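**Student:** So the protein sequences, as listed, match chains A and B.
Be aware that the first sequence starts at 2, since it is given in the working numbering, and climbs by one per residue.
Be aware that the second sequence starts at -1, since it is given in the working numbering, and climbs by one per residue.
No wet-lab data here; the hints were simulated from the structure.
Worth double-checking, as some hints may not be accurate.
DMTMM-like, lysine to aspartate or glutamate: derived pairs with alpha carbons at most 25 Å apart [to be verified]:
hint : chain 1 : residue 1 : chain 2 : residue 2
1    : B       : K112      : A       : E319
2    : B       : K124      : A       : E309
3    : A       : K340      : B       : D81
4    : A       : K374      : B       : D215
5    : A       : K345      : B       : E178
6    : B       : K124      : A       : D293
7    : A       : K355      : B       : D109
8    : B       : K224      : A       : D338
9    : A       : K463      : A       : D293
10   : B       : K112      : B       : D81
11   : B       : K41       : A       : E278
12   : B       : K224      : A       : E290
13   : A       : K345      : B       : D109
14   : B       : K124      : A       : D256
15   : A       : K355      : B       : D81
16   : B       : K227      : A       : E324
17   : B       : K224      : A       : D343
18   : A       : K340      : B       : E178
19   : A       : K374      : B       : D119
20   : A       : K355      : B       : D226
21   : A       : K355      : B       : D204
22   : B       : K112      : A       : E339
23   : B       : K124      : A       : E319
24   : B       : K224      : A       : E339
25   : B       : K41       : A       : D293
26   : A       : K258      : B       : D208
27   : A       : K345      : B       : D208
28   : A       : K463      : B       : D208
29   : A       : K340      : B       : D226
30   : B       : K124      : A       : E278
31   : B       : K227      : A       : D338
32   : B       : K41       : A       : E286
33   : A       : K345      : B       : D204
34   : B       : K227      : A       : D256
35   : B       : K112      : A       : E286
36   : B       : K224      : A       : E309
37   : B       : K41       : A       : D328
38   : B       : K124      : A       : E291
39   : B       : K124      : A       : D338
Values in this document were obtained by computation on a predicted structure and should not be read as measured data.
If you want the building blocks of each chain, they are given just below.
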Amino acid sequence: MTALGKLFRTTTFKLTLVYLTVFALFAAFLLGYFALNTRRLITEQITDTVNAEITGLAEQYRLGGIRRLVIVVDARARRPGSSLYLVTTYQGETLAGNVTSLPPGTLDNAGWIETTYRRLDESETSERGEQRGEHHALVRVFQLPGGFRLLVGRDLEERERLHSIVLSAGRWSVVIVVVLGLAGGLFVTRRVLRRVDAMTETTRSIMAGDLGERLPIAGSGDEIDRLAENLNEMLERIEALMNGLKEVSDNIAHDLKTPLTRLRNRAEQALRTSGSESEYRSALETIIEESDGLIATFNALLMIARAESGQARDNMSEFDAAEIAQDVCELYEPLADEKGIDLKVEAGAPAPVKANRELVSQALANLVDNAIKYSEPKEGAEAPAPEIVVSARAEGERVLLTVADRGPGIPAADRGRVVERFVRLERSRSQPGSGLGLSLAAAVARLHGGELILEDNQPGLKSIIALPRGGPVQNAG
Amino acid sequence: MPSFTDIQGHSAFGLATEAQPDRVTMRLLIIEDDRDAAEYLVKAFREVGHVADAAHDGEEGLAMALDGQYDVLIVDRMLPKRDGLSVIGTLRGKNIETPALILSALGQVDDRVKGLRAGGDDYLPKPYSFSELLARVEVLARRRGSRSEETVLRVGDLELDRLSHQVRRGNEEIVLQPREFRLLEYLMQHAGQVVTRTMLLENVWDYHFDPQTNVIDVHISRLRSKIDKNFSQPLLHTVRGAGYMIRDGAR
C-alpha cells in the first residue's frame, strides 16, 4: 500500500490523471457531436424519402382516385425493404398497406410523428414477442378527401443501430483510454519515481557525510538530468569549500598553536626561573609582543575569510588604482629607503576599478611589504641597490597592480602553493610576518573576480593583482 | 584567570603617565557586560588618575550616562538588555553629546562605519591594548575644547600654519612633504597627548589595517629629523609601549 500510495501521490501520476480526464471528456464530446450530426443526417434522409413517396402517391391519387391509390400502395407495400404504407377509411379500417399495431390516435392528426408499429408480414410469424415485433418509425399522415387517411413512413432501425454503435464505441473507447492512460501513467511515474528515489538515496548518504557521492545521471538530457547535473556541480563546490575549511582549520591549528605554545612556554619559564622584577617585566613584555603577533595573524585570517565569503562585496566603490599604488608606495617609501631599497612607482595613466578600496590597499601593501622583506641587500655583498617597481595600469579588460622585486623569487613549482593560506617556503620561516600576505592578496583578487598572478621577474618575483577594469573615473584634479 | 594585580604594580601604563605629567582627570563611564574586563578597565583608568564607573548592561549604562557628568563613554557593542549602538543613539537623540568610544569584537571596516554612523566618535576592535584605549579616550575627552578650528598651531617654538602650509621652528623654515605636513598637523592638534600608531594610520593615511611592518616609525623618524635634529630641545617624543607625543618639553 505504501509503495502504491507513494505512486499515487507523485506529481507525474496526478498529472496523468488530470490528462486522462481531460482526454476522456474530449473523446466523449467528439463522439457525441459526431452521433448527433449523423442522427440529424439520417432523419433528413428519411424525411426526403417519405416526401418523395408522398409526391408520387399524390400523383397516383390525382390520376385514379382512392382506388388507384390503394392498388399502388398495395403493390409497393409488398416489395421487400419497402417503406411503410397505410391507407385507411374514416373508421380506421385498413384498405391497403404493410403496417399494423399503431398506437390509437396516430392517424387522427395530419403531419409528422414518431410512432411504434409492427409490420403486417412479420406480425404472424413472431407471435411470441410482442415487444420484439415492435419497431419505431417516422411517419407522415395525410387526410384525404372522403375521410381516407394515408400514412407513409420509414423505419428508424438504422438510426437506432447507429445510436447503439456510437454508445458502445463511446463506452469502449473510454475504457480503453482509461486503461491505457493509467498503464502509461503508472509506467512513466514508476520510471520517474525510480530515478527520484535513487537521487533521494544518494542525497541521504551525502547528508550522512559522504560528500564524495554524486547524483546518478540517466544520460537522457531531460529536466531531471539537468537538475542532477546542477546539484552535482553544487556538491562539487560544497566539497571544495569543505575541503578548504578543513585545510584552514588544520592550518589555523598549526600556525596559531605554534605561537601560543611559545607564549605559554615563555610565561612558564618566567615563573620558574625569574627572580627579579626586571626579569618578570621583560618576560611579560615578550608575552605581550607574542600576543600582538597572534592578534595580527588572527585579524589577517578573519580578513581572508571575509574576503573569501564575499561579505566585503558591499563596500565597493569606483576609484583609480593608480592612486592606490601611489599612496601605498608613499607609505612604504621611507621604510624602503631606510633599508637601502629603491622603491619606484609607475602609475601615470588612470586605471579605473570598482572595488573595496580598503581591501585592495591592504592587499597591495602586503605585496610591497613582502617585496621589501625579501629585497634587503645581503650584508657585505656590494651589489647595486635593489629596486622594487610598483605599477598600476589598465590592460584590455583588466587593471594590473604589479609589484616587481629583485629578491630571491619563488620557484615556479611553488608559486601555486604559496598563495594558499599560511604557506611560507621553508627558507623564509626565519623572516617575520604571518605568512598570510600573499594569501590575503589572492583572496582579495578573487573577491573582485580577479586573480593573483606570480611571475618570474628574472631575477626576483613579480606579483600581479589583476582586477576587472571598472568604468571611467572622474578625475578630481 | 590571569590576575592583573601583578601587572598593576609595574604598570605598562605607568610609562604613559610619566611622559604626561599634565594629565587632566577625566570622568569615564565603561559600559561592558564582561565584569572582569570592566573591572580591569576601571582599575587601569584609576591607576593613571582618572575616575571611572562601570555599568554591566545597556539599560543601566544608559541611565548612568543620562545622570552622570561624564567626559567620555566607553561602550561595548553587544550588551544585554540594550545594544551599545542603541545606547549611543538614544543619548544623541536627547542631545547628549558626550563623546563615545565603541569597543567591539567585530573589527571589520563596515562594522566600524556602522558604529560611527550610530553616533559613536571612535571605534576600537577587541582585543585592544590599554595604552591604545587610553590615548584614544584622552583625545576624545579633549576634543571639545580642541584646536581643530585654529589656523596656526604652536608647540614651543614650532609653528604650523594650516592655511599657508608653512612650518617654522624658531626663525627657520622647515620644508615638509604633504604627508609629513599632515602627520605633524595631527600630532600638533593633539599636542601633549599620546597618539598611537594606529591613530596616525587611521587619521593621516586613512588606512584601517595593520601594515605588517611598522612603517609609521620610519615616517616619524623622518619627521623628527626635520623638526628636531638641529635643535637642542626635542619636541617629538616616543612614548614607549604606546605611541608618540608632541610636547613643549620646556614647560
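**Student:** Each hint should be assessed against the structure and marked as holding or not.
**Tutor:** Evaluation of the provided hints:
no.: 1; hint: B:K112 to A:E319; verdict: holds (21 Å)
no.: 2; hint: B:K124 to A:E309; verdict: holds (22 Å)
no.: 3; hint: A:K340 to B:D81; verdict: violated (48 Å)
no.: 4; hint: A:K374 to B:D215; verdict: holds (16 Å)
no.: 5; hint: A:K345 to B:E178; verdict: holds (19 Å)
no.: 6; hint: B:K124 to A:D293; verdict: holds (12 Å)
no.: 7; hint: A:K355 to B:D109; verdict: holds (21 Å)
no.: 8; hint: B:K224 to A:D338; verdict: holds (16 Å)
no.: 9; hint: A:K463 to A:D293; verdict: violated (30 Å)
no.: 10; hint: B:K112 to B:D81; verdict: holds (13 Å)
no.: 11; hint: B:K41 to A:E278; verdict: holds (21 Å)
no.: 12; hint: B:K224 to A:E290; verdict: violated (30 Å)
no.: 13; hint: A:K345 to B:D109; verdict: violated (35 Å)
no.: 14; hint: B:K124 to A:D256; verdict: holds (21 Å)
no.: 15; hint: A:K355 to B:D81; verdict: violated (34 Å)
no.: 16; hint: B:K227 to A:E324; verdict: violated (32 Å)
no.: 17; hint: B:K224 to A:D343; verdict: holds (21 Å)
no.: 18; hint: A:K340 to B:E178; verdict: holds (20 Å)
no.: 19; hint: A:K374 to B:D119; verdict: violated (36 Å)
no.: 20; hint: A:K355 to B:D226; verdict: violated (43 Å)
no.: 21; hint: A:K355 to B:D204; verdict: holds (19 Å)
no.: 22; hint: B:K112 to A:E339; verdict: violated (38 Å)
no.: 23; hint: B:K124 to A:E319; verdict: violated (30 Å)
no.: 24; hint: B:K224 to A:E339; verdict: holds (16 Å)
no.: 25; hint: B:K41 to A:D293; verdict: holds (22 Å)
no.: 26; hint: A:K258 to B:D208; verdict: holds (22 Å)
no.: 27; hint: A:K345 to B:D208; verdict: holds (22 Å)
no.: 28; hint: A:K463 to B:D208; verdict: holds (23 Å)
no.: 29; hint: A:K340 to B:D226; verdict: holds (22 Å)
no.: 30; hint: B:K124 to A:E278; verdict: violated (29 Å)
no.: 31; hint: B:K227 to A:D338; verdict: holds (19 Å)
no.: 32; hint: B:K41 to A:E286; verdict: holds (20 Å)
no.: 33; hint: A:K345 to B:D204; verdict: holds (22 Å)
no.: 34; hint: B:K227 to A:D256; verdict: violated (43 Å)
no.: 35; hint: B:K112 to A:E286; verdict: violated (34 Å)
no.: 36; hint: B:K224 to A:E309; verdict: violated (44 Å)
no.: 37; hint: B:K41 to A:D328; verdict: violated (41 Å)
no.: 38; hint: B:K124 to A:E291; verdict: holds (16 Å)
no.: 39; hint: B:K124 to A:D338; verdict: violated (34 Å)
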